[in-house]
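Student: Chains U and D supply the protein sequences, listed in that same order. In this text, residue positions in the first sequence follow the numbering used here: the first is 966, and each later residue adds one. In this text, residue positions in the second sequence follow the numbering used here: the first is 544, and each later residue adds one.
A couple of the hints might just be wrong.
[What the hints assert, rightly or not] Here are some, though not all, of the chain U residues that point toward chain D, as calculated from beta-carbon distances under 10 Å:
| hint | residue |
| --- | --- |
| 1 | Ala990 |
| 2 | Val1048 |
| 3 | His1053 |
[Unchecked claim] Derived DSSO-like pairs (lysine-lysine); straight-line CA-CA distance at most 27 Å:
| hint | chain 1 | residue 1 | chain 2 | residue 2 |
| --- | --- | --- | --- | --- |
| 4 | D | Lys988 | D | Lys1242 |
| 5 | D | Lys776 | U | Lys1128 |
| 6 | D | Lys776 | U | Lys1126 |
| 7 | D | Lys648 | D | Lys1053 |
| 8 | D | Lys648 | D | Lys970 |
[Unchecked claim] Some chain D residues well away from chain U (every beta-carbon gap over 12 Å; in silico):
| hint | residue |
| --- | --- |
| 9 | Cys735 |
| 10 | Lys1035 |
| 11 | Pro1036 |
| 12 | Gly1136 |
| 13 | Asp1138 |
| 14 | Asp1147 |
Don't read these hints as lab results, they were simulated from the structure. Note that the structure is predicted; figures quoted are calculated from it, not measured. Every residue, glycine too, gets a C-beta built ideally from N, C-alpha and C.
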Amino acid sequence: MTKRYAMVVDTRKCVGCKACALACAAENNVPQGFMRSWVVEETRGVFPELRQQFLSERCNQCSEAACVEVCPTGASHFAEGGVVLVDHNKCTGCKACIASCPYDARYVHPAGYVDKCTFCLHRVQAGKEPACVEVCPTRSLHFGDRNDPESEVSVLLRTRKSKVLHPEAGTEPNVFFLE
Amino acid sequence: MRVNRRTFIKIGGVAAGAAAVGIPLAAQHAGGGRVLALDPGTDGDEVVPTFCEMCFWKCGVLAHVRQGRVTKIVGNPEHPLSRGRLCPRGTGGPGLLYDPDRLKKPLIRRDKRGTQVFEEVSWDEALDHVAERLGSIKNKYGPEALAVFTHGFGGSWFNKLAAAYGTRNTGAPGYAQCRGSRDVAWELTYGCPVGSPEATDIENARVLTLIGSHLGENMHNTQVQELARAIDKGAELVVVDPRFSVAAGKARYWLPIKPGTDIALLLAWMHVIVGEKLYDRDYVDKYAVGFDKLAEHLVDKTPEWAAVETGIQAGTIVETARFIAGARPASLVHPGRRAAWYGNDTQRGRAIAILDALLGAWGRKGGFYLPAAMSVPAYPGIPEPTYKPKDPVDMPLGTVFPFADEGLAHGLRDASLPGAKVAYLLKAWFVYGTNLPMALPEPKKTIEALKALDFVVSVDVLPTEITGWADVVLPEATYLERFDDLHVAPFKPSYTALRQPVVEPMYDSKPGWWIARELAKRLGLGDYFPFEHVEDYLEKRLSLMGSSLDDIRVKGVLTAPKQPIYIEEGVVPDIATPSKKIELFSQQLADAGLDPLPTYTRPDAGPPGSFRLLTGRTPTQTFSRTTNNRFLARVYDTNDVWVNAGRARELGLANGDLVVLVNQDGARTAPLPLRATERIRPDCVFMVHGYGHTSKGLKFARGRGACDTDVCTKTRIDPVMGGTAVNVNFVRIERVSA
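Pulled out of the complex, with its shape left as it was, chain D reads as follows:
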């Protein structure tokens, strides 16, 4: 049955029922009749389930719609990720939907790039123009001259378009700039990535160890819910962080480590755990290879040696190692998420992975669970792309970086620079939902590439910096106004979730699936999008799994029956490494000429008197994507730079002073407020990424705070998978004269 897009299922009763948790209704005010409190009127006439895109965790939400307007968004109790609860960003969805600065019409550039002179045009004109330019790029240079950058769930349509067009040059900054190194570390060790949502069984952990991961500020809803539940159940935290993070504030042990020395600590912990035979010997014997080589490697990695490197006392290292091992296997050393720090990040990820194996945590309750995804067949009949690739030269799969298994966004950029030493230059960019000038380090290179390209297209919701450099800007409908593909996630329990429009698209914005399909048709690639409407596509996929669009629309999610997820429940781990074992010693790395066991190298010191720049997250923002959201800004409207209070005093700086950061290369940030705090070591400063917009179109965010990317002029590249580490920049602080 075809479902009309406008007939949303009304489930107000479901939402209210789920929220009622034992508050008795028999509320008679003593001494008289009951007076009902004034209702602010934000409950919806309709409540539409969908899933969030305010970050990339994809929580299920219920959008309340009253007289055609989204009044509020709450957590969907039926969805395994949100469990009826949301982070602040999820609540802030209407701030994006009703952002007055949204892109409203397709735009075509009428002057040179960077001048931001656009003309509003019709969709037909814009799409015809893009198709004509992409067609001629393909004819002139071949399809692989097009790079496609995506970030966010809607990017799937444009990756399909890229495949159809014939380019493999696709990349998301989320790989090399964020989670890639830890996923590769896991693949090398366990044969599978950590994935997202991470299969970390935080709620059942007895000891949770965080290495620089600032859970609680890095606000992945389910993980934070589980952290709180674990605390409730008496779990203890070991937090390794140069900054007294929120998690550190809840920890039994906070180790304020010298930045960049984590591998030394991890090796010393393992030295103690192996030396004192505190590891899970049965588990290691059964599932792992390379233990003897590891043990030999650890012999001289003593706590005394690590103390000198890390600044953590040897006694504390021994004590925490015993503490961590004492809770195994429910002792979870979290693999982290944004891990591109020092250039040795895959090796740090490996050290964490090996430690987790020694604890017997992988596949065990309170460690990592082993979920299986629901089987949701692909839409049938979509042709296989017929690549005729040239020699890949932009550092993609298996060339310069042997274990890079996704495209490297900065590699694509560097292969677009005039004079780049590559077999062929990239000539055009198609950019979906990622603000490359702020997301990629070495920002000057990004601008240089953008100036040199033949053609740039941007699909976005807001007039971010990248849209200012595009030749054609296509305004996408927000996640609250569109369908996307199904989200099929292995989890506990595994589920399939639907994104569906809550309201009709505002202005002249269009959903991503429609934009990609219209472009495909114009490029003669309509076969790759063989459906009239995305609802037909979704209906087909759902019918192949024995469900329907009507079915999934009611709750927004289909949940798999409970399944065994731990070894102790009978799961036999399928370890997809070459040895079919957990590879403590990595023959794959050895064969590639890389360290088969993690080794420690002392990090470079910065110029005298300078601070190492560290960056991180705040619960209310997702990078530069949300900082124009006026609703979220109610609680956090600018970033600030954290400086150790003692150091600030020495420098004559006070809380709230407006300062500029100047890095080792003379690059400068915009002014931002200084936060003098005891919560950070004296040798580093910290700021939240995402502020410091310069785009004129972002009328709210422009000029608020500063962008760390401006002083990330240096990167160190991870030799294993090509990640771009940015914690290698040093800054000094200049006060802005009033």
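Next up, chain U with everything else stripped away, as it sits in the complex:
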């Protein structure tokens, strides 16, 4: 069966430390001034009745990826496990994908191509977890194959309440946030 890689973020445990964002930058040699992963703090309420959540965010590796749809050169494409990759050689830096992405997940690399999270597919293909998942001190990040009902991500999505970002965009994201 085709793999469908997904990430599940447990907001109950995440402390918003940003180790994920920095481990990503180190692993992927992301140039200074840009990030492939970031953390959003959400606080609701008025003192002292407050609620808080941290969201470790990145490209949502959408099943209905607008960026792939709009890419005029085919640089943005679906790769193994449904991961959206950008072929640097085919990318002209036209930024159509950046405009189409509801998650602001992409940036233009100083070398001229568009860049973003790859779910660390180079690591996954080598049998390792994405860098952000590996580093996370709270084990809030989970990675795996959604099409495998026994995988950790499938079990979590079955047993816990989750949400995706901007469901109204119809992009079918594959990054899920557990409440």
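Assemble chain D onto chain U, guided by the hints.
Tutor: Okay, now just chain D, sitting in the frame of chain U:
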């Protein structure tokens, strides 16, 4: 066997194997051949285990080195502290190693202090000069005229040097300015310090209570890992904090307490727990003394009384007391770490310690475990220092502060001030790895002392503010370029860890052990460093424990077999108090004329309309040490001042406004952005310590954010151990006109 420094053990296979957690490799892309994703090429040709120094927790790391360059640092799965995972700072090690602003050559001052006019010199010239000056200080004033300040694991070499030289005037700001009071509280109550890493069994706690401790922002890797595991297992949090901390956001109960009133809350909790007989009576009978006096002391500490003081409703106090007691003994009231807040900090630590004893938590699963360290003998044949001390006058052991068991860094400073009322003045400072102008409160005194001293030496990695005041600056190699002593830690499990160079030292930097040994030789104290190379020293120590350098280098850590760590596993607690019991009532404090049971005093109110200044941590920075790290700054490049959103509106201030804090004495901070937030009480403001550098050499950090120390012109001294409380400063907010 002698190991050449350049032959690092290659363990790439180990690292990859440990990281593989059940992701099947059989990944064939549907419908065709497998296309391998583009590899960014950051995996190392070599992977070298060592331990981190980006904070002081000392996590085991694996440094990836590719073509001689450190490409990334990940957690060492074999190390009990990191368990394969890291905090953001640990990941940021290369940002320190490759910081373009690093100290590169030894420097000798060629103009008066503060002017920062230096000349680059050779190591021989620098070391000869330091040895000559330290020699003449010793001849003229005696060895105790030298104060030695250290912070960080590499400081051990310079404390050895201080002992050899003959001064006991050593101190780390980490004691009086940070963790000292809670350690003394624990010693008074349980006969041993809390220690570091703290022996808190967070992962097994059913209820974790944090008193102002902002775990998660205060990012001690293992504790945060355990916090998350505890949450996974259904543990509940009670968080007492004037600020809606990250931990508060995960708590069943957040008590936004009025700052400075924690002791009232703790006493009222104990009033309920004792009054309703919710405490562990068997445990208290067996292990503790002074219960009756405690019970008597608590009679009038009612929830109604505490409600007035703390701003927390009496009903909530009762409810949380029952909740905390309901989970005992797996109910852990965390002793905290940076505890120098209000001047009654040892007594607050005592109140926490006593509460933990009532819960029967100390020595129990889910409370505090009782580990034994591995036995690693000292290097043999190092002579005992032969002190001939003068009357100690700088508030060291056992004088003004009866329970100060380490040197007080601000006490050493104050004994260096011209005209100080002391039997002898300190005349020279040797400063290792601590940025005293930003670390010590009352910063004007620090500068005054620095101006008056005969001689100042600084060993550092970066051109921090203190280096600007030194006569000689010695550039140390970073933790990724050097060996240090073995780290022997009692933990679960106990372990011995190795720091080893990952790459050769850059520029003309040298490791601390080498600097200390070269100075010792020049001072005629070579006997105290009786080894040619640190590898000989480490080899000897390791051989005495039945291991070797080759052995420990492979994984970077030797781990002791699992041992019993709880009373319920058969550990018999060795309580090293005078009574050999947990001292709820402290006869030691009574004998010293101090409160034998914690008492509450209402904190001073500030000037009308002012805010109490509170400070704390962010996960991405360690004080002022890391704020020049351009890699870490990718996610946090300035501090800001948190102000209650409602108060900000009243003052006409908006999020992002540039403001200056002005304190009760008219002292001012540099401008910093304002953060209008619901996450803080209206009567206090909060900022992260470590920003607001002024040193010209720190080209990135200089001028980013503001330094709280600038407005910590007032301190309240803890009468038990001499800690310097700084939450006693009040500020008003001025908008910086555009």
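Student: For a C-alpha distance cap of 27 Å, please report whether lysine 648/D and lysine 1053/D respect it.
Tutor: Since the Cα atoms of lysine 648/D and lysine 1053/D sit roughly 10 Å apart, the hinted pair holds (cutoff 27 Å).
Student: If I take the minimum Cβ distance from aspartate 1138/D to any residue of chain U, is it greater than 12 Å?
Tutor: Nearest chain U Cβ is 32 Å from aspartate 1138/D, so the label holds.
Student: The hint names histidine 1053/U as touching chain D; please verify it with the least Cβ-Cβ distance against 10 Å.
Tutor: This hint holds: histidine 1053/U lies near chain D, its Cβ roughly 7 Å from the closest one there, short of 10 Å.
Student: Decide, holds or violated, for the assertion that all CB atoms of chain U are farther than 12 Å from the CB of glycine 1136/D.
Tutor: 40 Å, holds
Student: With the threshold set at 27 Å, check whether the alpha-carbon distance from lysine 648/D to lysine 970/D stays at or below it.
Tutor: 26 Å, holds
Student: Holds or violated: is the Cβ of aspartate 1147/D farther than 12 Å from all Cβ atoms of chain U?
Tutor: With a cut-off of 12 Å, aspartate 1147/D remains clear of chain U, as the shortest Cβ separation is near 24 Å.
Student: Next pair to validate is lysine 988/D with lysine 1242/D; report whether the Cα-Cα distance is within 27 Å.
Tutor: Holds: lysine 988/D and lysine 1242/D sit about 26 Å apart, inside 27 Å.
Student: Is the interface hint for valine 1048/U satisfied, with its Cβ closer than 10 Å to some Cβ of chain D?
Tutor: Hint holds; valine 1048/U Cβ to chain D Cβ min 8 Å, cut 10 Å.
Student: Are the Cα atoms of lysine 776/D and lysine 1128/U separated by 27 Å or less?
Tutor: Given pair lysine 776/D, lysine 1128/U holds - Cα atoms ~22 Å apart, limit 27 Å.
Student: Does lysine 776/D pair with lysine 1126/U here, judged by a C-alpha cut-off of 27 Å?
Tutor: 17 Å, holds
Student: Taking C-beta pairs only, is proline 1036/D more than 12 Å away from all of chain U?
Tutor: 19 Å, holds
Student: Taking C-beta pairs only, is lysine 1035/D more than 12 Å away from all of chain U?
Tutor: Nearest chain U Cβ is 17 Å from lysine 1035/D, so the label holds.
In this structure, none of the earlier numbered hints is contradicted; all agree with it.
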